[in-house]
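Visitor: Starting from the structure of chain B, add chain E where the hints point.
Chains B and E are the protein sequences, given in the same order.
All the letters of the first sequence, read from the start, carry residue numbers 1 to 417 under this note's numbering.
All the letters of the second sequence, read from the start, carry residue numbers 1 to 279 under this note's numbering.
Read the hints as simulated data drawn from the structure, not as lab findings.
Don't take each hint at face value.
Unchecked claim - Derived list of chain E stretches under chain B, where covered just means 3 residues or more per stretch with a C-beta under 8 Å from a C-beta of chain B:
(1) 51-60
(2) 63-70
(3) 112-118
As the list claims (entries may be wrong) - Each computed DSSO-like pair below joins lysine-lysine, with the alpha-carbon atoms no more than 27 Å apart:
(4) 95/E to 37/B
(5) 203/E to 243/E
(6) 243/E to 160/E
(7) 190/B to 61/E
(8) 245/E to 95/E
(9) 243/E to 188/E
In this text the structure is predicted, and so the values were computed from the model without any measurement.
Note that the Cβ used here is the ideal one computed from N, Cα and C, for glycine as well.
Given next are the chains, with one letter for each unit.
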Amino acid sequence: MSTAQSKQDPEMFDIAVVGGGLVGLPLALGFAQAGFKVAVIDAQAPEEVARAEFDGRVSALSPASLAMFGQLGVLPHLENRLQPVTDIMVTDGKVGGRAAPFFLHFDAADNEAGPLMHMAENRHIRIAAQKAAERAPDTLHQIAPDGAESFARDAGGVEVRLASGRVIRARLAVAADGRASRLRAFAGLKTVGWSYDQMGIVTTVEHELPHDGTAQEYFLPSGPFAILPMQGNRSSLVWSEKTALAKTIMAMDEEGFARECAKRFGDYLGAHRPVGPRWSYPLGLQLAHDYVSERIALVGDAAHVLHPLAGQGLNWGLKDAAALVEVTAETARVGLDIGSLAALERYQRWRRFDAVSLALVTDGLNRLFSNDVGPLRLLRDVGLGLVGKLGPARRFLMREAAGGSGDVPKLLKGEPV
Amino acid sequence: MNPKREPPASSPASAKAPSGKRPRPKTPQDPSQGPQGVTVDAGEIARFSAMAAEWWDPRGKFRPLHKFNPVRLGYIRSQVCAHFGLDESARQPLKGLRLLDIGCGGGLLSEPMTRLGAEVVGADAGEANIKTASVHAAEQDLAIDYRATTAEALAEAGEKFDVILNMEVIEHVADVDAFLAACAAMLKPEGMMICATLNRTLKALGLAVIGAEYVLGWLPRGTHDWRKFITPQEFERHLQRQKLKVNHLTGVSYNPLQDRWFLSGDRDVNYMLVAVPVR
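Pulled out of the complex, with its shape left as it was, chain B reads as follows (with noise of 0.2 Å):
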């Protein structure tokens, strides 16, 4: 059977996009609407990425993705499942310790847009790229459930060998296929980062009171731990943990696991208990030292992996998205050939820096935070006291949040937060 199918023609596409999740998908409906013959390949089928249990996280929106998402089509699917978030508060906290008071006091009333962010569930978020795909120019090709089993790379062009046995060729291949990215392995794309000792786990918790669209952010020695706005009296729990200890809250029955829990949550929001599956995952920071080679570009979590509490994972792939998209659109109108180095070199100039920055950032951030040791933590008491008091600075943290500001963060120009 492989013998008969290796000396098929392959299909011929401008583009192919290996991976159709939260970042590939919306990448492959830009790329058609800019007019391109694209291919996403996902291994899942789009109904099996729709249920609960497949992703049961959550994603923060900034202002600047949904806009994204309007322009895709994507948001009249999501409108009525996002969450609007108005308040973030960031509190230094101890285990089973007393409330400890807000250093750092974010809300709507300093930012003229509206809501600082919307909280949407993964899988409606993919429903509703899902949708949007269904109605997208004939020029999208969706493939899926098929697996890219083998990739090889010519002057020419990209061609990947599905498990199906089908061919697909392409000027430009976009590994949008994840952390552990085959498509980035293949390109010779190597990748930098360490692990934190330190996993998320992930569940959600139905609680007695409304979050009245307030997110809370502790941070605790062992970790950051952040209570999410969902819908209805419904939060999401995202909770760092030393890995060790992780591991055992993960294997403990309900009981346990909600006594673990309240530990941590306190009680501003009266009864609460965790419902529905739990996740966890190692955290780490990985990124990648090039985002291109010839015909092959990296996006999302296959260029850079952050750690989960600057909340900005999703937002910074759908940035790689739509500067890749643009960058595309910009060679192809001049005629030049969309995979050559020259036309993704200025992709990579535009995305890699940022990424890099917030990466360090948020390292930092963590870092600075996941200890108990004495001067430390007055001397983060201090700081954060200080940016909560600062008008300015507080609104800036907020503005790069919601994904309006410039491409470079103030804090490595030098400027002040």
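Guide: Relative to chain B, chain E alone:
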């Protein structure tokens, strides 16, 4: 700054494969045979393929040219669309136009023009350049009529074009009037010629010759002879003798911070113009 005339084909060192990672191209078209019969000996393909890879490597020795390419392509596209009243938003706005790329080198203009829909003849007196360009076009699955010939010979053969690209050529030509007479003869009555060259100013001597060749090392020394640069006024007089008039003129400037070229009012170093037959 004008690296286009660099003659890489004459250097044996340039023929070696870039890093060995580039596999032999797999193409529907036989790379040994250009569309109009530029023959590349089978034993030479690997060598010309390696040279093509070098021409097209944006991090390699043609880096300055790759940096310069988008701005001149954008200018050509918008000027051609305006002249012929074409749809700027189309994927292939130049469809139906016959275009000559004089001094095509490795094909850095011929390939984009083909993608934009034009029917392209790429001409270069250097046979190695033509072979290199032909192999690369075949690798990219583009049909381009490459010919190792001169403007004078093409005119002699009675060739006619809607668009003639005369980009970074004039400053290397021995007899400007004879060369422009050949170009004018090939231009259809409704056609247009787009030219780019370097001004003969002290600024150009400093930036394009001393700066680019001697200080920055962007170009091999001796690429340009400043005395052969011509001013826009001189260019215009040359064109008038061929019954051509200039109907658009722009400067091109470099922003070192962004490492990008842009159209500007400063014509002291690089400039581009559009010439059309006087009616």
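Visitor: Against each hint, give a clear statement of whether it holds in the structure.
Guide: Status of the hints after comparison with the structure:
1. Check on the segment 51-60 of chain E: 6 of its residues sit with their Cβ under 8 Å from a Cβ of chain B, so the three-residue criterion for coverage holds.
2. A stretch counts as covered by a chain when three or more of its residues have a beta carbon under 8 Å from one of that chain; for the segment 63-70 of chain E and chain B the count is 3, and the coverage holds.
3. With a threshold of 8 Å between beta carbons, the proposed coverage of the segment 112-118 of chain E by chain B holds, since 5 of its residues qualify and at least three are required.
4. Proximity of residue 95/E to residue 37/B is assessed by CA-CA distance (about 19 Å); at most 27 Å being required, the pair is judged to hold.
5. Distance check on the hinted pair: residue 203/E and residue 243/E sit about 31 Å apart at the alpha-carbon level, beyond 27 Å; violated.
6. Straight-line distance between C-alpha atoms of residue 243/E and residue 160/E comes to about 16 Å, which keeps the hinted pair within the 27 Å bound.
7. Distance check on the hinted pair: residue 190/B and residue 61/E sit about 25 Å apart at the alpha-carbon level, within 27 Å; holds.
8. For the hint linking residue 245/E to residue 95/E, the alpha-carbon distance of about 25 Å falls within 27 Å, and the restraint holds.
9. A hinted pair counts as satisfied when its Cα atoms are at most 27 Å apart, and residue 243/E with residue 188/E qualifies at roughly 13 Å.
Violated hint: 5 only; the structure is consistent with all others.
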